[in-house]
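Protein sequences, first through last, are from chains A and B.
The first sequence begins at 1 in my numbering and counts up one residue at a time.
The second sequence begins at 1 in my numbering and counts up one residue at a time.
Hints are supplied without guarantee of correctness; some may be wrong.
Said to hold, decoys possible - With a cut-off of at most 27 Å between alpha-carbon atoms, the simulated DSSO-like pairs for lysine-lysine come out as follows: (1) A/LYS106 x A/LYS130; (2) B/LYS169 x B/LYS264; (3) A/LYS329 x A/LYS264; (4) B/LYS169 x B/LYS185; (5) B/LYS130 x B/LYS185; (6) B/LYS329 x A/LYS329; (7) A/LYS169 x A/LYS264; (8) B/LYS169 x A/LYS329; (9) B/LYS329 x A/LYS57.
FYI, nobody ran anything at the bench for these hints, they're computed from the structure.
Protein chains: 2
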Amino acid sequence: MFRTLIFAFALLLGSAAPANTPPTKITVMAGGLNHPWSIAFLPDGGVLVTERAGTLKLLHNGQLRTVRGVPRVLATGQGGLFDVVLHPQFAANGLLYLSYAAGSFKANATYVARARLVSDQLRDVQVIWKADPSKRGGVHFGGRMAFLPDGTLAITTGDGFDYREHAQKLDSPLGKVMRITDAGKTPADNPFASQPGAIGSIWSFGHRNPQGLAFDPVRQRLFAHEHGPRGGDEVNIITRGGNFGWPVATHGRDYSGATISPFKTYPGMIDALVVWVPSIAPSGLAVYRGRMFPEWEGDLLAGALVDKEVRRIDLDEAGKVIGQQSLFKNLNARIRDVRVAPDGAVWLATDSEQGQLLRVSRQ
Amino acid sequence: MFRTLIFAFALLLGSAAPANTPPTKITVMAGGLNHPWSIAFLPDGGVLVTERAGTLKLLHNGQLRTVRGVPRVLATGQGGLFDVVLHPQFAANGLLYLSYAAGSFKANATYVARARLVSDQLRDVQVIWKADPSKRGGVHFGGRMAFLPDGTLAITTGDGFDYREHAQKLDSPLGKVMRITDAGKTPADNPFASQPGAIGSIWSFGHRNPQGLAFDPVRQRLFAHEHGPRGGDEVNIITRGGNFGWPVATHGRDYSGATISPFKTYPGMIDALVVWVPSIAPSGLAVYRGRMFPEWEGDLLAGALVDKEVRRIDLDEAGKVIGQQSLFKNLNARIRDVRVAPDGAVWLATDSEQGQLLRVSRQ
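All chains should be built: construct the whole structure from the sequences, respecting the hints.
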């Protein structure tokens, strides 16, 4: 009498369901998380999750434990504990990296600390990098990280909102993608490493507030997306020394409605791969490489806070954007992070005082 | 490298895991529900869910549709659309029953309407019963329903908070379990059907605010639980004409801390099967009868709003309470309803402006 329920949880932007809409199910792995921000998968099956207010939790066998030893963060506005990523040789060295806001409301910065995870304790915690000099205010910190295949670490910083012109300045750490060694040093081959007056860790500039960063090992591309002003969210392919235009070239307007720039593109500045008008407020980005959803192979999965969904950006073999799809809209949840687990399942962190870790698997 | 994760989602009140703690997984079937209140399973695999503000939704193939034709409800305080139950012959006649608060803040009552579900439309909507006369205020409406094996319908009413002495009065509809025919009439065998001045639909009395009602077809017992005052939540076995004591006998105190009654038991009044001190704020009740969790066969599953869990009340073969277990605590969610689906999975509705329908199945 009761038939098997098939719940697709996929809502198309268009009307017809394409062949690449696999049936999915969404499992609650943990709930009651206070604004979870980022997810990392441990080799032993444990899952780390940051909570913005400054706690790092470890999910293991259905139980959430608090990891002790997290540095003190500035938990105000958008500030707090952001990303957690594992060292590429984590299985051997136990090293992880945390990004976070620290300091005071009047003088703060995006920091990166390195630590060794021993059971549920951080040891040898060391700040290896900070966005120096400090800025003022509680918004636009960036804060995503990704290891690159050469063992260096990419980090995003925001423009601090009140400092948008800094995104174009090479002596400011704001509005950048940075690249450092796993010990926090400036790699000699960084584009401005030997330019007088420039910050050596800068890898690319002209960003507003990038909250998604993911490296595709197959195409060897670093993708980032960023919150634009009203109507100017972007996905970019990050290149060495690239200028991504903010605030000179943008599709967005100021929240007041005022024009920010007459230019949507500008000579010498790199156009976005995708522009979202209106804004979706993207946070969390993954390149899908996994066995569970071959339909999505190589595609980008971007979390959306305002649109309350995951946006799949369909890329063809050449890496060209051929479409977008709205996923998991039925959750009606602000999505803060999207990650692909080692088994190919997609994990989501929902942004709420009662946030959840959700696992999307094949039905 | 990545081992299979087994998430038990079962937290024991004690320390050791008993044999009756099966591994479970929790799947999000729908999200973004505005204070979902009750769940009903259609024979075709669809699932109905009420939202307290007054909408009835139908989940089918992962899509939520709004069912049109729901009567206008009084959505204030605890009032609104409550329960939805199917007629025992729903497959043949398409009839369903809705309970809800209607009227104004100054004069309102708990109503029961009957309607025919045709696709996503209610037809022939008819109010078949109301708690007459009206009361004032926006709390303690009761509002759960359950069909009994003789085809009659049981309905709970609350004491309206300001009228607690009415729970003992047979000329008041407040603080009662009612029993009516499927057309809303008084069955001739109701205990007070022929008593002058009494309301004929009363089946039992002395209740405070029962928000859980479930019939066990195997033991042939009608269970109800009710919100007590501070520290006096109860589970009762409802019997014909029974007086369950409120407000004469209670384990609870007033919210002020004042004593309500010197009596915890009283001659002629029926003691509770379970008393929860402190209160868990129960809402939603199911008797587990299903194939998926034989460990729970015949047990009661009670949702808890304040305790944010499901409380399993372990009953032995004779129906005696032999223990309690806290389930799904990791969700950290206020549980408004608990139902057992035809396949034996347990469905939960979480109480929030972004409420979810969750399906608990065996891992």
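Pair hint outcome, A/LYS106 versus A/LYS130 [Cα-Cα no greater than 27 Å]: holds (16 Å)
For a C-alpha distance cap of 27 Å, please report whether B/LYS169 and A/LYS329 respect it. violated (50 Å)
Below or equal to 27 Å on CA atoms is what counts here, so check A/LYS329 against A/LYS264. Distance ~30 Å between A/LYS329 and A/LYS264 Cα, so the pair is violated.
When you check the alpha-carbon spacing of B/LYS130 and B/LYS185, does it fall within 27 Å? holds (11 Å)
Sort out whether B/LYS185 lies within 27 Å of B/LYS169, counting only the CA atoms. holds (21 Å)
Hint consistency between B/LYS329 and A/LYS329 [alpha-carbon to alpha-carbon, up to 27 Å]: Holds. B/LYS329 to A/LYS329 sits at ~26 Å (cutoff 27 Å).
Verify the proposed pairing of B/LYS329 with A/LYS57, using a straight-line Cα cut of 27 Å. holds (16 Å)
Between B/LYS169 and B/LYS264, does the CA-CA distance stay at or below 27 Å? holds (19 Å)
Would the hint linking A/LYS169 and A/LYS264 be met if the CA-CA limit is 27 Å? holds (19 Å)
Of the numbered hints stated above, those contradicted by the structure are hints 3 and 8, listed in ascending order.
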